[in-house]
Amino acid sequence: MNQPYDLVRARPEPEFEISVDGAPVPVIPGQTIGAALHGAGIRSWRTTRIGARPRGLFCGIGVCFDCLVTVNGSPSLRACLTEARPGDRVSTGARAGQDGPGGRPGDGGGHGTDGGKTVNGR
Amino acid sequence: MPDVVVIGAGVVGAACAYYAARAGLDVVVVDRGPVAGGTTGAGEGNVLVSDKEPGPELDLALLSNGLWRELAEFDGFEFEPKGGLVVAETGEVLEALTGLAGKQGVEHTVVPSGGLDDYEPHLAQGFAGGVFYPQDAQVQPMLAAARLIRRGADRFGRGTLMLRTGVTVTGFLRDGDRIGGVTTDHGDILAGAVVNAAGTWGGEVAAMAGVHVPVLPRRGFILVTEPFDEPLIRHKVYTAAYVTNVASDSEGLETSAVVEGTPSGPVLIGASRERVGFDRTVSVPVLERLARQAVELFPALADRRAIRAYCGFRPYCPDHLPVIGEDPRAPGLHHACGHEGAGIGLAPATGHLIAQTLAGHRPDLDLTPFRPDRFEERR
Amino acid sequence: MKPRYDLAVIGAGPAGVAGALTASFAGLDVVLIDAAPRPGGQYFRHLPQGFNAQAPGALHHGLDGFTRQWETLRARADVLLGHKVWAVERAEGTVTVRCLEGDREERPRTVTARGLLIATGAHDRPLPFPGWDLPGVLTAGGAQALLKGNLVVAGRKVVVAGTGPFLLPVAAGLAGAGADVRGVYEANGRLGLARHPLLAAGKAGEALGYGATLARHRVPYRGRHAVIAAHGEDALTHVTVARLDSAWRPVSTRTVECDTLAYGYGFVPQLELPVQLGCATRADADGSPVVTVDGGLRTSVPGVYAAGESTGVGGAVLAEVEGRIAGRSAAADLGRRVPPLPRLSRRRERLAAFAKALLEAYPVRPGWQGWLRDDTLVCRCEEVPLSAVREAQDLGATDARSVKLLARPGMGWCQGRMCGYAVACLAGEDPAAPRRPIAQPIRLGDLAAPTRSPLEG
Chain A
244 MNQPYDLVRA RPEPEFEISV DGAPVPVIPG QTIGAALHGA GIRSWRTTRI GARPRGLFCG
304 IGVCFDCLVT VNGSPSLRAC LTEARPGDRV STGARAGQDG PGGRPGDGGG HGTDGGKTVN
364 GR
Chain B
97 MPDVVVIGAG VVGAACAYYA ARAGLDVVVV DRGPVAGGTT GAGEGNVLVS DKEPGPELDL
157 ALLSNGLWRE LAEFDGFEFE PKGGLVVAET GEVLEALTGL AGKQGVEHTV VPSGGLDDYE
217 PHLAQGFAGG VFYPQDAQVQ PMLAAARLIR RGADRFGRGT LMLRTGVTVT GFLRDGDRIG
277 GVTTDHGDIL AGAVVNAAGT WGGEVAAMAG VHVPVLPRRG FILVTEPFDE PLIRHKVYTA
337 AYVTNVASDS EGLETSAVVE GTPSGPVLIG ASRERVGFDR TVSVPVLERL ARQAVELFPA
397 LADRRAIRAY CGFRPYCPDH LPVIGEDPRA PGLHHACGHE GAGIGLAPAT GHLIAQTLAG
457 HRPDLDLTPF RPDRFEERR
Chain C
84 MKPRYDLAVI GAGPAGVAGA LTASFAGLDV VLIDAAPRPG GQYFRHLPQG FNAQAPGALH
144 HGLDGFTRQW ETLRARADVL LGHKVWAVER AEGTVTVRCL EGDREERPRT VTARGLLIAT
204 GAHDRPLPFP GWDLPGVLTA GGAQALLKGN LVVAGRKVVV AGTGPFLLPV AAGLAGAGAD
264 VRGVYEANGR LGLARHPLLA AGKAGEALGY GATLARHRVP YRGRHAVIAA HGEDALTHVT
324 VARLDSAWRP VSTRTVECDT LAYGYGFVPQ LELPVQLGCA TRADADGSPV VTVDGGLRTS
384 VPGVYAAGES TGVGGAVLAE VEGRIAGRSA AADLGRRVPP LPRLSRRRER LAAFAKALLE
444 AYPVRPGWQG WLRDDTLVCR CEEVPLSAVR EAQDLGATDA RSVKLLARPG MGWCQGRMCG
504 YAVACLAGED PAAPRRPIAQ PIRLGDLAAP TRSPLEG
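For the record, the sequence lines run as chains A, B and C.
Residue numbering for the first sequence follows my numbering, beginning at 244 and increasing consecutively.
Residue numbering for the second sequence follows my numbering, beginning at 97 and increasing consecutively.
Residue numbering for the third sequence follows my numbering, beginning at 84 and increasing consecutively.
Everything labelled a hint here was simulated from the structure, so no lab data went into it.
Just so you know, even glycine gets a beta-carbon here, dropped at the ideal spot from N, CA and C.
If a hint is listed, it holds; no wrong ones were tucked in.
Label-pair restraints from in silico Cβ distances:
id, chain 1, residue 1, chain 2, residue 2, range
1, C, Ala435, B, Asp284, 44 to 50 Å
2, C, Ala174, B, Arg260, 39 to 45 Å
3, C, Gln137, A, Glu258, 16 to 22 Å
4, B, Ala455, C, Asp328, 52 to 58 Å
5, B, Gly348, C, Ala435, 43 to 49 Å
6, C, Gly453, B, Arg260, 25 to 31 Å
7, B, Gly348, C, Ser329, 56 to 62 Å
Not close to chain A: a few residues of chain C, all C-beta gaps over 10 Å, as computed:
id, residue
8, Lys85
9, Ser428
10, Asp513
Which residues of chain C face chain A? A partial, calculated answer using Cβ under 8 Å:
id, residue
11, Leu130
12, Pro131
13, Gln132
14, Asn135
15, Ala136
16, Leu142
17, Thr222
18, Gly224
19, Asp317
20, Ala318
21, Cys464
22, Met501
If we strip away everything but chain A, and leave its shape as in the complex, we get (with noise of 0.2 Å):
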């Protein structure tokens, strides 16, 4: 669907790709690494420490602190406030990377049914 893109008659600059327990995910110049993984069709990125259970965003506006994740080796970052830099290495898991990038990549469990590789809803 392109009808944000239509109504506000976007020009999108060229994507760039991050990498997300390894996966590529497609992100506009400007847009968070949260919008990146949502708009994806990525739902859940973090498992709960005690009951293992999956969450994504929810506030997208910073105030949760649900959606948080491990950039680069830097953990408990907030996804929905953290703009994608090209190149970056998101590592998710059983907890957003408290140990770093090994943090059970590629688990994929907490992923969301719709996991697909859209391109930004487009």
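Mind docking chains B and C on chain A? Use the hints.
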């Protein structure tokens, strides 16, 4: 009519109530707030023997340490017998620490510089060594207080131990010279005896009975980190300066690093001490000092985030000893307050000794050093 | 030390930008600080440059006016975007604002000023219900942020639920952007607002516009309905929608398939900073704590002003008016000549009365507590179920604070921002003003380091 009214549903009041009920007395606990709402709710849960100079407080701490281990058999609150590690910056300090440990006569192991890693793999390099105290422990104080009261009620029969929250004591009832109960905003409660376990507010309660007990607030801040999955810190770890600060009389700000993990995940970072009344205004410089000292101890903490800070008011007496026992100036009124920063650790022994006194038994420890009227001669 | 600025303004939404600009025009040396990399706050959230949007206003009402103010301000004042404020202090007439610059490396920065205008806005107020922590369940504001700030449509099949007029623009935005909006479920009466005598003509026009969009996309809009449970294994697949009685007790239920739920039950003003400074607060019409201000938007602390949602949730137009009044007060209090402008105050009074009427037309009714099961998480961060809250109460935790001490709701990453309202309700009290000495998580290494001003590099 209950045998005893306990004023204060913090950990000390809870312990007094529990042991009094165990001794066969009927107890009512009153608190103007909820359970564990005062200093108990602002503590780290220290159960320490390591930071006490030899003397009456250490005796109390040792008695209490054993009692906590008995109470920890109950379900429903965290008790971690993890031990404490005191680290020394220099050889001189290590010598002093070792000397103190020898005088204390409590279980300890002197740890050489090269052995610190085995205790705390993430500890900074360069410490001269330390002393490990296996009896040091940590308890979740709020739940412990609530569970002690509940346990007392369940075990010794409801009606034997009753908790009444939201009840403010407004004065004392007298039976001749004797204290015979309390007046509250929810009516009078007649009782054979009253226990003042009002913590930092114990002096105000005493004043209502016309007696002087100098309990003053000594503010402390605690920094709380984000939750950790894997424990980074295994024991309660602190620097030798903590022992000095605990015993200090200074009014100014003192900080020393006390760092430990918790079963819930976060790391707790203390400790600051300053006498500023009941001022809750957060002091960023204090938080900065706490952070600096914690990172000096555990460099790996630098990359982890503080998510919370809070302060509490230690109930402190001029001679740093608690007030425990019946007040000869107001017979029937027993004090159990003024434990400064050690109230969590000292609560069971305090409760046990108060219960013995209430039941007319000889207390296991000599209460003379803790007597409530000991400040009279200094006035 | 002499403060660097006359006035620091925190928040680059409509209140902060209007306040900063007004103060600057009145002759003050102003700095504006915001956590986001772009101005606008939540309401006027801007798209990143990378989209080269030719018509960004299509996603906002009134964006042009805001943009003009912003461009003017940028030429007159210092602007620090991407600066999260974690603490503010005030001593001897100087306000010190402690920030973290950057979204990942985070460098500590310190700004000093003689006065402070707090315009930190609000965030969604979610209620807990079974399944609210399933991936795919978002706050209404979260769905809006995805769209306005990233051009990401929150889902394919979307349900919008909760209470309040904000649901309409969210649903209309999603439908207009191509989502299949399966329904808008308003827990209060659908017509509560339209019937109100205070309904301002301008607002009615805006509401009609959203209504038309929803009608065009054949989106059902139901009053007295709520989503009372969300279902799915690892992500949302469907929700239970209930028809409610007047106390929000479910009368009948049905299932609606969806991959996304966007919901909210009003807003929580962000009060960390005014509370840190000791500003007095009061309970708003909905019981929410808000900053107490006088007619000039002065808080109880000298030199500290508040505008926008922090003085009471009232929307972007009221926020802008309050910002202008606060900017004038700050300038007047610092000795600048500011002629009185009574019509601005009258406008504020009218808009504030309308905001109060909205809060009263869209209350949160107690029946939601009945949607919870024993195992429903009340606190998402510490994963505290309802049963643990009830157990704490049984043990003598008679207020929200002691429930937190015993059962840990609000002790985790979000520090009660998501569950605080619900926990207060469960404890039977109005939510208290939040005491959060650390308003943003800060690395201990940064807290330990000596802080610098933004100009020191």
